[in-house]
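Engineer: Sequence lines, in order, name chains H and C.
Here the first sequence is numbered in this note's numbering, starting from 11 and rising by one per residue.
Here the second sequence is numbered in this note's numbering, starting from 13 and rising by one per residue.
Possibly wrong hints are sitting among the right ones.
To be verified - In silico lysine-lysine, DSSO-like type, Cα no more than 30 Å apart, as pairs:
(1) K173/H / K169/C
(2) K42/C / K177/H
(3) K154/H / K111/C
(4) K510/C / K539/C
(5) K297/H / K138/H
(6) K297/H / K319/H
Said to hold, decoys possible - Beta-carbon label-pair distances, calculated as ranges:
(7) A221/C / N332/H: 44 to 54 Å
(8) E75/C / W253/H: 45 to 55 Å
(9) L475/C / Q160/H: 35 to 45 Å
(10) D536/C / E331/H: 31 to 41 Å
(11) N332/H / A470/C: 43 to 53 Å
(12) K42/C / K224/H: 34 to 44 Å
(13) A470/C / E331/H: 18 to 28 Å
(14) T493/C / E331/H: 22 to 32 Å
What the hints assert, rightly or not - Which stretches of chain C does chain H cover? Using the computed rule of at least three CB atoms under 8 Å from a CB of chain H, they are:
(15) 22 to 31
(16) 85 to 92
Calculated from the structure, these hints are not laboratory results.
On a predicted model such as this, the values are computed, not experimentally measured, just so you know.
Glycine included, C-beta positions come from ideal geometry on N, C-alpha and C.
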Amino acid sequence: MKQSDLLIFNSKGIYCPKAQVYLDPWKPVKQAIITHGHSDHARYGHKNYLTHHSNIPILKHRLGDINVQGVEWDEPFQINGVRFSLHPAGHIIGSAQVRVEYKGQVWVFTGDYKDEDDGVSTPYSPIKCHTMITECTFGLPAFKWKPQEQVFDDINKWWQSNKDEGKTSVIFGYSLGKAQRILKYLDPSIGEIYTHGAIEKMTEVLRPQLNLPKTNLITKETTGKEIQGNMVVAPPSAHGSPWMRKFVPYETGTCSGWMAFRGARARRATDKGFVISDHCDWQGLLKCIKASEATRVICTHGYTDIFSKYLREIGYDASVENTDYEGEKDEVSSTEAKETA
Amino acid sequence: MRKFAKLIEELDATTKTNRKVAALATYFSKASEEDKLWTIAILSHRRPPRPVNTTLLRQYAAELAEIPLWLFEDSYHIVGDLAESIALVIPNDDMNSNKSLAEILEELILLKAKSETEKKAYVQQMWMQLDYYSRFVFTKLLTGGFRIGISQKLMTKALSQVTEVPEDELAYRLMGDWTPGTTSFEELIFGRNEQAYVSKPYPFYLAYALENELPELGDISEWSIEHKWDGIRGQVICRKGEIFIWTRGDELVTDKYPEISELVKFLPNGTVLDGEILPFIEGQIGTFNDLQTRIGRKNVSKSILNKVPVIFRAYDLLEFKGKDFRNLNYVQRREMLDPLVGEVSNPALQLSERITLNSWDEVTSERELAREKRSEGLMMKRNDSLYRVGRKKGDWWKWKTDPLTIDAVLTYAMRGHGRRTNLFTDYTFGLWESNEEGNMELVTFAKAYSGLTDKEFAEVDALIKKTTLERFGPVRSVEPTLVFELAFEGIAFSNRHKSGVAVRFPRILRWRKDKKIADANTLDDLKTLIPK
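One chain only, chain C, in its complex shape (with noise of 0.2 Å):
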């Protein structure tokens, strides 16, 4: 354990690129091969499942340190992270237990199943056994969120290093179906897993957003334009009679899809396609609101499958007739695929259209139709390239609509969270509206927590500071006195929100400094903005 924290905490430490490189492959060259295997596996995701709740593990922590509650909870505001703040407030920092990294998740996972006496016992044992980094650790592996900045890339590069394997092919090798119980580091890294490989989905080739003039992507002949989908990327896999749908998360989510799950009677054996997962209601893309209440759901009910069926809108063809197609071009690729969606001929499964267009000029009023078409943009994709492991420029580009914009008054802040604690960075925002005695007064229909820099922030946080008028927890309400313009990619109505109103991805755009509060959008400007 004290090695694996050691490397967390040297690549919490640095925000170089190579040094975090330096630091997995220098660990990666010395940890046991139990180790290894959990921390590729802690690295991309595939964590235990939490064997105790948040709210235990504050009693014990608030106990252990012989503190009240509330005093742990009000020190947690202020740090802002669970497993730091327990870390700091235990009182030990001599003892450092022996246990490997391994060993340590193989207890987390019988951990699960035991009785809360158990757990408690076991816990603050390990707490007051760790020192303080290695105890921030092991809370850490405890509660879930381990976010330190390692991407699957970086970490695919430092073991590319060690183990002399190409870092696309350990990609590839580091995706799918598997945990450190069903297979070990030889096997994953080296060997090749009949039984994995059939579920195996390919690294996504991901776009970077358009950067230049329309004009210096070259003569728009090589070039194939698609509306962007906006729902869940994800691939299906159709292997030796089975069926496998695969996030980009890297999530398999075959039970939750039936409808596409369906087409392994249709599909040829030795298929992957690459595309996206959209709710297709009454013949027409609903929004992503929409495939929101299908995400969380763990049993699709029949009610659910009504209300908003999903389609899979293909865009790619990565492997057919068992065959790797990614070192084909793409309208080779396409030039398979789109037959292939014609003679499955099943309502689920649809093909994203390339649009045949003459001119750029063409290209720009084609994504001007993108709210019509439910479509947030264009893709733009070179018609030789082929399909590339992770995020390559040049080749694939997305040109996003411009975003929804309305101005909007800060109500309420939060502190933020990692480098933002102890600043007020995370803010709710209203809208106007006339209440049942008529007066004007201000709704909430939306948070957001980024688009300002730093020296705004800090204002910002002086200005909350100064203005609060309530404090609950780590929140405050404040005076209204700042008018912020918001940016939001999609809008639906919604039950769910008080305003009756949910945004996509609300964002600050811009602090309008010129407009005092009575100047902001009502909350009937925002519904104007929703597609009839």
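Here chain H stands alone, though its shape is the one from the complex (with noise of 0.2 Å):
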């Protein structure tokens, strides 16, 4: 990091000096943009909430009665000088990128982010800068995301044959972002849809701004007999649970970037692994950056030492500042594990 730098890294988060604002911060702070609902970007105890209008309800759901502010997507704003502004990241509702201008000096922190038009959250759209701040999650050449039309195909004749095996299907994604996608293209014509209280809540939250279909909320009267045959939504956390006992016969997947690899699905587990991200894959990430025309990157979180050398060996500033982000997770998150309680 140099001197003029218009961002920092320091031990609370990404920091703006100038306009003594955080991006992301992972510790207590004054002022903080915040890019999107995942607990990793959008942590508690900040006194000063600012995040897209759609983040709001998310932030109120999980941080509870917080001080927040919402902003319009490319709608500028100053603060001790330095221009701000939003703009759409495409990882999950409300997810963006922050813009940071100073003297003609333009940085991007890319928050998570993805490519594809996922049909739910605002589309990203590249932000030209010179310093582009960037996850690489799935920065490796060996993640290749297929087209979601396909990913979402193969979950509905999963579901439809389960179906017809007289099981269950239950398919595991987080509760924000993942299971309003997958909700948002499984075929209603199949059977009901039934939800984990964790995704029914978080659901709730968001269906005035999404078209979704109807859900089940499963209960503690909700029998194993009426929920046979049809679609379970649960967050990766209930996997192997007790609460899973009444779906027996059932068949399992996991919807994750992660599923690309043999092992993970193993690990997990789980019947049948779906290949679906809310991250950019490798093309993915090259893309991006390449329309930014940024020179200089710095990755946050992800394959950060392979994809920045990748980087530097094609002729980009390259480099890797450590955060606490963590990506889209390996493992049982902890936080859904809370939320399930």
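Join the two chains into one complex using the hints; note that each chain is given alone, in its own frame.
Structural biologist: Take a look at the structure:
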């Protein structure tokens, strides 16, 4: 990091010294700009939050009564003479990139992002900048996503074939983002959709903004018989828990970019892995970086060492900064576990 | 190829035995005769020899994916499987060749002799003409190691459902010296090929580890007790003036052990012995480590024959005078075997003696003598047991000695494979020794990658990531902080190891969270365990 850098990395987060504002800080601060509602980016304890409008219900649901201000896409605002604006990142609903400009220098912090239009989040748009702070959760050439239509087609076929065998389908995805994306594309003509409490609650919060099919919350009274052959959407932490017992006989499916690896699927002990992610794949990352026209790239989380080394080879001034962001978690998330309680 | 790839995908997608058998049965009922035969060959480890080495495969893949070689290698370390890494980075997902499995395998057999340019053109073209999963399976065929959790037993079961040939009969038919080039599906499953029959071994009967208290086995007089020898389980077959030595891994090793193949001169035709290939040095059974020096060699030199001679210690007679004896009981078989070994009277053929013991307490004491007698424990076989196929419970039990143990410090860690890729689960351990300056340092003595629960592995993985000192590709050196109790089966001096000691089958017994690294054992402590 240089003295003149518009954004620096300190022990609390990504900091703009000129504006005295943090981006997605991991320790409590006075002023925080939040890219999206996932728990590693939107944390407890900041005095003031600023985020895109559509994130406010998510943040309030997760963090309680916080002091939060909403802004629109591409609507610039000034803090101590530094010009900020939020732009769609396409990761989940409301997810934003933060553009920071001061005296002709432009920096963009991507937060988490993907270039595929998932039909749920506002689609990613490339923002020109000099320095791009990017995630690289799936920054390896081994990651290559298929168009989501193909994957959802596979999911619906899988559901139908389980149903034909008299089995219930249980699909796992994070309660914020992945779950709504799954719900959006499930085919309700196959059967009923049931949800785990954590997913139902988050989906309730987002329904006013999204057009989603009807879901049925699973309660103590819900019987295995009524669920049979239908679809259950649950957070990854529910996998293998006693909560699953009444669905027997069932088949499990996990929706994650990690499912691209046979080993990851085996470790999760899931019957079927669906490779679908809310992050860019290898080509996606390279395409987005190119479109930004940035010459300097800072990698925050994921395969940072490998990805930045490659970027340097193809001519970027690329480096790595450590953060507390987690990307798409490989293991069962502890936050998700809390939510199920 | 598509159908075979689909089969592998289905097998790989489930851990449920029933579903695997069903997928195999469906495949066997639909596939062509040639594809069926090749499928059986592949699943019973009869792959054609590797036509292209993996170094070249990596280069071809990186080139085709338009990425630098280091980036391919780094990706491979993370993915954990070469064929999978290649399948993932190749940029094609639409095309799919119509070639059959048999066609491709026949091409691979011919490929071996071709020039490097031709190999590259062929492999790269195939990669571009196969969809993701077919590409993965194709590359697995190129690289070898096809481990997808399909035992011979499962395959036999599925094949039996489709062909209506009984499983035990099939298990026998699938053994021995055949390749898709030497037989047809029809002949293998239903026919009788005299030439193949001559060399064919019987399926081995395998024991389970003892589960219950000894007295629960009933009256001791109903049991035969022997020592359990620590060599290579094998069958010696003498038919029509020829001898064949098969290992339990279904490998033909007749030429590797000339001492034993000499027995062709002494054994009557139509004899099949079951027993153990053992190193026998200066009138005493050697260690498995000694035997290891013979296992890997293609050409057996005079000096190695002098240094590590082997014997065959027989404990069962499966065929005699051309008659299948497997339906006689154990005592009857032994009553024929024991005098036979006496008559042959050759130093390379010994008998695994049955020990007369009068109580289970005496059995317990006998087991204490195992290390002294150079065995790894005891075998208990019911006197009236028939010779069965595969691993069956009830009649044969093995009761190994308690393992040797030592407390060692974790020094290096590597990413695991398969379901453990992304986790550091393969560890290197060190013991203390004083160096030239008289300071204590850790000397590597063993690697182990099993024995912890998934939860413990996750915990250790997190600590490794926190205490990493240096990274060398997939390996990390870590600050020594963790102590583990390691167990192993055998121990011997070795000049192939830096520590000067080789241990057999090391694994983690438990994590000694209560111990500091200074409490771990020294290399000298380990050496005191070596039998004199």
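Engineer: Against each hint, give a clear statement of whether it holds in the structure.
Structural biologist: Here is how each hint holds up against the structure:
1. K173/H / K169/C: holds, 28 Å
2. K42/C / K177/H: Holds - the C-alpha atoms of K177/H and K42/C are around 26 Å apart, at most 30 Å.
3. K154/H / K111/C: With Cα atoms ~26 Å apart, K154/H and K111/C stay inside 30 Å; holds.
4. K510/C / K539/C: holds, 13 Å
5. K297/H / K138/H: holds, 13 Å
6. K297/H / K319/H: Holds, at roughly 17 Å.
7. A221/C / N332/H: 44 to 54 Å: Since the Cβ atoms of A221/C and N332/H sit about 48 Å apart, the hinted range of 44 to 54 Å holds.
8. E75/C / W253/H: 45 to 55 Å: With Cβ atoms ~49 Å apart, the hint holds.
9. L475/C / Q160/H: 35 to 45 Å: This hint holds: roughly 40 Å between Cβ atoms.
10. D536/C / E331/H: 31 to 41 Å: violated, 48 Å
11. N332/H / A470/C: 43 to 53 Å: violated, 21 Å
12. K42/C / K224/H: 34 to 44 Å: holds, 41 Å
13. A470/C / E331/H: 18 to 28 Å: Because 26 Å falls inside the window, the suggested range holds.
14. T493/C / E331/H: 22 to 32 Å: Since the Cβ atoms of T493/C and E331/H sit about 27 Å apart, the hinted range of 22 to 32 Å holds.
15. 22 to 31: n = 4 at 8 Å, threshold three: holds.
16. 85 to 92: Our answer is that it holds, as 5 residues pass the Cβ test (under 8 Å) against chain H, meeting three.
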